[in-house]
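K.L.:
Once you have looked at the hints, place chain H on chain C.
Listed here are the chains, written in short residue letters.
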Amino acid sequence: EAGVAQSPRYKIIEKRQSVAFWCNPISGHATLYWYQQILGQGPKLLIQFQNNGVVDDSQLPKDRFSAERLKGVDSTLKIQPAKLEDSAVYLCASSNTRNTEAFFGQGTRLTVV
Amino acid sequence: GESVGLHLPTLSVQEGDNSIINCAYSNSASDYFIWYKQESGKGPQFIIDIRSNMDKRQGQRVTVLLNKTVKHLSLQIAATQPGDSAVYFCAETPSGNTPLVFGKGTRLSVIA
Chain C
1 EAGVAQSPRY KIIEKRQSVA FWCNPISGHA TLYWYQQILG QGPKLLIQFQ
51 NNGVVDDSQL PKDRFSAERL KGVDSTLKIQ PAKLEDSAVY LCASSNTRNT
101 EAFFGQGTRL TVV
Chain H
1 GESVGLHLPT LSVQEGDNSI INCAYSNSAS DYFIWYKQES GKGPQFIIDI
51 RSNMDKRQGQ RVTVLLNKTV KHLSLQIAAT QPGDSAVYFC AETPSGNTPL
101 VFGKGTRLSV IA
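Going down the list, the sequences are from chains C and H.
Sequential numbering of the first sequence, starting at 1, is according to this note's numbering.
Sequential numbering of the second sequence, starting at 1, is according to this note's numbering.
Source of the hints: derived by calculation from the structure; they are not laboratory data.
Hints are supplied without guarantee of correctness; some may be wrong.
[Unchecked claim] Here are some chain C residues pointing at chain H (derived, C-beta under 10 Å): (1) Val-4; (2) Tyr-35; (3) Gln-37; (4) Gly-40; (5) Lys-44; (6) Leu-45; (7) Val-55; (8) Phe-65; (9) Glu-85; (10) Asp-86; (11) Val-89; (12) Ala-93; (13) Gly-107; (14) Arg-109.
Virtual Cβ for every residue (Gly too), placed ideally from N, Cα, C.
Bound conformation, chain C alone (with noise of 0.2 Å):
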């Protein structure tokens, strides 16, 4: 079974440059995740989706931040302007359901400068 498949791997951009980053889920999993993970930290989630609608965005910072998933499949994350407090490991994961064991890719490295 293919894992969770994110790209890139690495970006670095200036500050205030936008960013976009991409996740396939695991086939017919329905449910994904954005999260972010700063140096040092857990990951902390950022947006939940079921299917194509937004379950979950309440620590989406939304002036800046912008998620979609307009198939039900793959996701799309974007930062916009970037600022350099957003320099972090951004990690999507899926699961089958909610409330079960989440599957994760090897995430997005961002670097803003």
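P.N.:
Frame of chain C, contents of chain H only:
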């Protein structure tokens, strides 16, 4: 690769010894718990889970214990191996649709 958890609590054990990693969770309403292992430069990897109607669950070389009275979770690794070196996170989810909330993590270092 990325170095995760530069300032995390650290547990050092000799190869072959048993390891115990502890976690205090915050929400008494949480009913599902997972331990994840995260190696440098990788995403968290599922180790074992437990639901609130259980107080112990065993896997291959790993055991999770849940004490709901004091909101405490522990992960026991038997015969720790160098490949077990990683950062370990506990994660909880309250009942309903709420997604996983992660703890701060513990770095396990295995001394050969």
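K.L.:
Each of the hints needs a verdict: does it hold here or not?
P.N.:
Going down the list of hints, with the structure as the test:
1. Taking 10 Å as the C-beta cut-off, the interface hint given for Val-4/C holds, the closest approach to chain H being about 8 Å.
2. Taking 10 Å as the C-beta contact cut-off toward chain H, the hint placing Tyr-35/C at the interface holds, the least distance being around 8 Å.
3. For Gln-37/C, the shortest C-beta to C-beta distance to chain H is roughly 7 Å, which falls under 10 Å, so the interface hint holds.
4. Because the closest C-beta pair between Gly-40/C and chain H is about 5 Å apart, less than 10 Å, the hint holds.
5. The criterion of a C-beta within 10 Å of any C-beta in chain H is met by Lys-44/C, whose closest approach is roughly 7 Å, and the hint holds.
6. For Leu-45/C, the interface hint holds, the least distance from its beta-carbon to any beta-carbon of chain H being 5 Å, beneath 10 Å.
7. Interface hint status for Val-55/C: upheld, as the beta-carbon distance to the closest one in chain H is roughly 6 Å, under 10 Å.
8. For Phe-65/C, the interface hint is violated, since its Cβ never comes within 10 Å of a Cβ in chain H; the closest pair sits about 16 Å apart.
9. Violation of the interface hint for Glu-85/C is found here, the shortest Cβ-Cβ separation to chain H being roughly 17 Å, above the 10 Å cut-off.
10. The interface hint given for Asp-86/C is broken, as the beta carbon of that residue sits about 16 Å from the closest beta carbon of chain H, more than 10 Å.
11. Because the closest C-beta pair between Val-89/C and chain H is about 7 Å apart, less than 10 Å, the hint holds.
12. Nearest Cβ of chain H to the Cβ of Ala-93/C: about 8 Å, under the 10 Å cut. The hint holds.
13. Given hint, Gly-107/C at the interface with chain H, holds; its Cβ is 5 Å from that chain's nearest Cβ, closer than 10 Å.
14. The beta carbon of Arg-109/C comes within 6 Å of a beta carbon in chain H, closer than 10 Å, and the hint placing it at the interface holds.
In terms of the numbered hints stated before, the structure departs from hints 8, 9, 10, listed from lowest to highest.
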